[in-house]
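Residue numbers (the working numbering), protein chains in the order written: chain A, 57 to 170; chain B, 114 to 226.
Treat the hints with care, since some could be wrong.
To be verified - With a straight-line Cα cutoff of 35 Å, these simulated DSBU-like cross-link-like pairs (lysine-lysine) come out:
#: 1; chain 1: B; residue 1: K166; chain 2: A; residue 2: K105
#: 2; chain 1: A; residue 1: K133; chain 2: B; residue 2: K175
#: 3; chain 1: A; residue 1: K105; chain 2: B; residue 2: K170
#: 4; chain 1: B; residue 1: K172; chain 2: A; residue 2: K165
#: 5; chain 1: A; residue 1: K165; chain 2: A; residue 2: K133
#: 6; chain 1: A; residue 1: K124; chain 2: B; residue 2: K191
#: 7; chain 1: B; residue 1: K191; chain 2: B; residue 2: K175
#: 8; chain 1: B; residue 1: K166; chain 2: A; residue 2: K101
#: 9; chain 1: A; residue 1: K133; chain 2: B; residue 2: K166
#: 10; chain 1: A; residue 1: K105; chain 2: A; residue 2: K124
#: 11; chain 1: B; residue 1: K172; chain 2: B; residue 2: K191
#: 12; chain 1: A; residue 1: K101; chain 2: A; residue 2: K133
#: 13; chain 1: A; residue 1: K162; chain 2: A; residue 2: K133
#: 14; chain 1: B; residue 1: K116; chain 2: A; residue 2: K124
#: 15; chain 1: B; residue 1: K166; chain 2: B; residue 2: K116
#: 16; chain 1: A; residue 1: K101; chain 2: A; residue 2: K165
#: 17; chain 1: B; residue 1: K191; chain 2: B; residue 2: K116
#: 18; chain 1: B; residue 1: K175; chain 2: A; residue 2: K169
#: 19; chain 1: A; residue 1: K162; chain 2: B; residue 2: K116
For the record, the hints were derived by calculation from the structure and aren't laboratory data.
Given next are the chains, with one letter for each unit.
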Amino acid sequence: GDSVTQTEGLVTLTEGLPVMLNCTYQSTYSPFLFWYVQHLNEAPKLLLKSFTDNKRPEHQGFHATLHKSSSSFHLQKSSAQLSDSALYYCALSDRGGSNAKLTFGKGTKLSVKS
Amino acid sequence: GPKVLQIPSHQIIDMGQMVTLNCDPVSNHLYFYWYKQILGQQMEFLVNFYNGKVMEKSKLFKDQFSVERPDGSYFTLKIQPTALEDSAVYFCASSLDRGREQYFGPGTRLTVL
Numbered sequence: 057g058d059s060v061t062q063t064e065g066l067v068t069l070t071e072g073l074p075v076m077l078n079c080t081y082q083s084t085y086s087p088f089l090f091w092y093v094q095h096l097n098e099a100p101k102l103l104l105k106s107f108t109d110n111k112r113p114e115h116q117g118f119h120a121t122l123h124k125s126s127s128s129f130h131l132q133k134s135s136a137q138l139s140d141s142a143l144y145y146c147a148l149s150d151r152g153g154s155n156a157k158l159t160f161g162k163g164t165k166l167s168v169k170s
Numbered sequence: 114g115p116k117v118l119q120i121p122s123h124q125i126i127d128m129g130q131m132v133t134l135n136c137d138p139v140s141n142h143l144y145f146y147w148y149k150q151i152l153g154q155q156m157e158f159l160v161n162f163y164n165g166k167v168m169e170k171s172k173l174f175k176d177q178f179s180v181e182r183p184d185g186s187y188f189t190l191k192i193q194p195t196a197l198e199d200s201a202v203y204f205c206a207s208s209l210d211r212g213r214e215q216y217f218g219p220g221t222r223l224t225v226l
C-alpha cells in the first residue's frame, strides 16, 4: 500500500538558517504529493502540491521538488522565520486509485528560535 | 481561502453514548473525507464520500461508524456506541475532485470517558 516517511520528528533551528524537511514515499501509481502545515489548534493548511517531475512549486518562500527517481518530495526554505514554527505533514494522493484519499506521514515539528 | 467548518470544536461524552460530528464543507466541493488523529500521532484516513455514497473506508472505520450528508446539509460522522479508543481529534476535509487538494476543518476533539 501507499506510505509516506518523514524521518525527523522534530527539527530545531535558528532564525535565518535554511530549512529542509525530508519526505519520501511509496506508491503503486504515480501520486500527487502535498505539504500541509498545521499551527497549534488550527486546521492543516495546504502549503505546496506537486506538479510534474522536476517542476518546483513555491509558496511563502517554501519550495519542494518531486523526484520520481528517488521517490522524494523534500520541503526547503532558504531562511527560516520564527513564524514558520509549526507541524509539517507530507502527504500523497494516489491518482491511479479510485478515490484519492490522502496518506499522511507522521509529521515533522519545526521549531525556529531567535 | 476556502473554509471548512466543524461543529462542535470539543465534545466530551460517556462511553456507550452516541455522538454526531458535523462538518460544513466548501460549498462547491463534491468529495468529503474524515480523518482521525490520536494525540501525538499522524492523521489517518477514515472514510470518503461522494454522490451520497461511501467510496472507500479504512479498517479504522468500524461498524459503529456511519456517515451521511442528507440533502446537501452537514456532512456528519456518527459513532454509536462510542468506545474509549474513539477519543481523538476528527478532521473533516473536502475537495473539488478526487486527487485535488483537500481543505481541512479545524477538527473536533472527542473525549470518551
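How the hints compare with the structure:
no.: 1; hint: K166/B / K105/A; result: holds, 27 Å
no.: 2; hint: K133/A / K175/B; result: violated, 41 Å
no.: 3; hint: K105/A / K170/B; result: holds, 24 Å
no.: 4; hint: K172/B / K165/A; result: holds, 27 Å
no.: 5; hint: K165/A / K133/A; result: holds, 15 Å
no.: 6; hint: K124/A / K191/B; result: violated, 39 Å
no.: 7; hint: K191/B / K175/B; result: holds, 11 Å
no.: 8; hint: K166/B / K101/A; result: holds, 26 Å
no.: 9; hint: K133/A / K166/B; result: violated, 41 Å
no.: 10; hint: K105/A / K124/A; result: holds, 14 Å
no.: 11; hint: K172/B / K191/B; result: holds, 16 Å
no.: 12; hint: K101/A / K133/A; result: holds, 17 Å
no.: 13; hint: K162/A / K133/A; result: holds, 20 Å
no.: 14; hint: K116/B / K124/A; result: holds, 32 Å
no.: 15; hint: K166/B / K116/B; result: holds, 23 Å
no.: 16; hint: K101/A / K165/A; result: holds, 15 Å
no.: 17; hint: K191/B / K116/B; result: holds, 22 Å
no.: 18; hint: K175/B / K169/A; result: violated, 42 Å
no.: 19; hint: K162/A / K116/B; result: holds, 24 Å
Going down the numbered hints, you'll see the structure goes against 2, 6, 9, 18, while the others check out.
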